[in-house]
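Novice: One-letter residues, chain by chain:
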Amino acid sequence: MPIYFNEREIVLPGQLLSDDSRRAGEGTYVTNGKVFASTVGIATIRDGKVEVIMLKGPYRPMAGDMVIGIVSDIKPIGVEVELGSYVTALLKVKNAKELLSLNLKIGDVIYARVASSGLKGVLLELNEQFKKITEGVLLTITPTKVPRLIGKKGSMINMIKKITGCSIMVGTNGFVIVNGPSPTSEFAAASAIRLIERETHSQGLTDKVMAYVSRLVGGEVAYDTNDKT
Amino acid sequence: MTQTTKPKLIDENGRRLDGRGPTDLRSLKIEVGILEKSDGSAYVELGKTKVYAAVYGPKEAHPKHLAIPDRAILNCRYHMTSFSTDERKILGMTRREVELSKVIREALESVVFLEEFPRSAIDVFVEVVQADGGTRTAGLTAASLALADAGIPMRELIAAVAVGKVDGTIILDPSDIEDKYGEADMPVGMTPSSNTIVLLQLNGKMTKDEFKQGLELAQAGIQKIYQAQREAIRRKYGASTTEV
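Going down the list, the protein sequences come from chains A and B.
If you read the first sequence in this note's numbering, its first letter stands for residue 1, the second for the next number, and so on.
If you read the second sequence in this note's numbering, its first letter stands for residue 1, the second for the next number, and so on.
Be aware that one or more of the hints could be misleading.
What the hints assert, rightly or not - Which chain B residues stay away from chain A? Per the calculated CB distances, all over 12 angstroms, these:
1. D39
2. D167
3. D176
Claimed, not checked - Covered, in the sense of this in silico footprint (three residues per stretch, anywhere, with C-beta under 8 angstroms from a C-beta of chain B), are these stretches of chain A:
4. 3-17
5. 77-90
Please keep in mind that the hints were generated in silico from the structure rather than gathered at the bench.
Cβ coordinates follow ideal geometry from the N, Cα and C atoms, glycine included.
Construct the entire structure; sequences and hints are all you get.
Specialist: This is the structure in structure tokens:
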């Protein structure tokens, strides 16, 4: 099974990656039995599949994603939710009573699971995981950087939560809710998230973020002028 | 620049007006990701021709009835700024610009995986800030880079260059004067690896052999431009991803 790239190499759309079409993973496409990159990104092999990790790009909803969205319209059949994506999602309700019981207004922020995504549009699920978010700061980051913000088994996000004392909710679509005991701690967490977004692919990021957050929480004034949050 | 008589476009030594040989490109400069507010952007400079391209989206298609249920729509606007030419160009879209917008859009549609984003729209803006021949090809080169920068999945990048015929010689990358006083001008847009032609136009007269020769010359130029495109992307993303 020949591979035509170096691990972690930056590839371009149309670059030949492999001869084995069964190994086509995310960020690739197959023509004439060969695997090519379809986006700019870092080529890698994961679980025997050739994948291109996108560096930047739009959020593509997939069934099972936990997302945070903003209610943009209320209709008889359900609630339209903005996901910061190319298409709005629909949270379907069975009847008017259920719609009323949700108690949602335009502009409300919700947390929900994507039930399906396809030609019928994006549908959200109304299950026990569904939540209306009542307080906190809403941030948006590039959706491709969400895995890095969470870290391996949640290491990064848990570290930020622990140091700042904030509760942080991350939607797969790149929306993040930070809710903390004081403005200082919320600011520290938000700054850390911005730092991760800026330096997603640098090494030793966890240590760097830890030092950064600790300093901010310690009350030392280290106002980042690049930060507009 | 009010020349009324035709200047000698190729001298005794086979050099062109700006000192190039017949098969030379002008100096090429490509940058990616330069416009902060766009989702993807690129800048291409080919001699005195300077072009910006910006991509916004995919986003919801407006008005909604234009949306297609199983794929995205691609909107493209090729526009020359009024100060880009010797004589001030009138404001708004001229017939020529409307046509070039369509030609560039169709070239891009052939490489972008539009079916990945149903019911949405992708906007591509090509803005010429200085025109000296070959703006549609520079615009297409920039637009494909901007799409790649926006993270939109596509089959391949597109590189494009024009070939011309002046004083009986086939030349690569004609400038404005060569285009005006030459016998033919042929913009070519191709995907550099699979060599698929996505844009081909011809103004003027060429024999069959000249056409073949011109196409080969364009192909060689496209490979050079593709190398510059690759370098530009690696420069933009390589710095932030040295090691992970």
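Novice: Which numbered hints are broken by the structure, listed smallest first?
Specialist: Of the numbered hints, just 1 does not hold.
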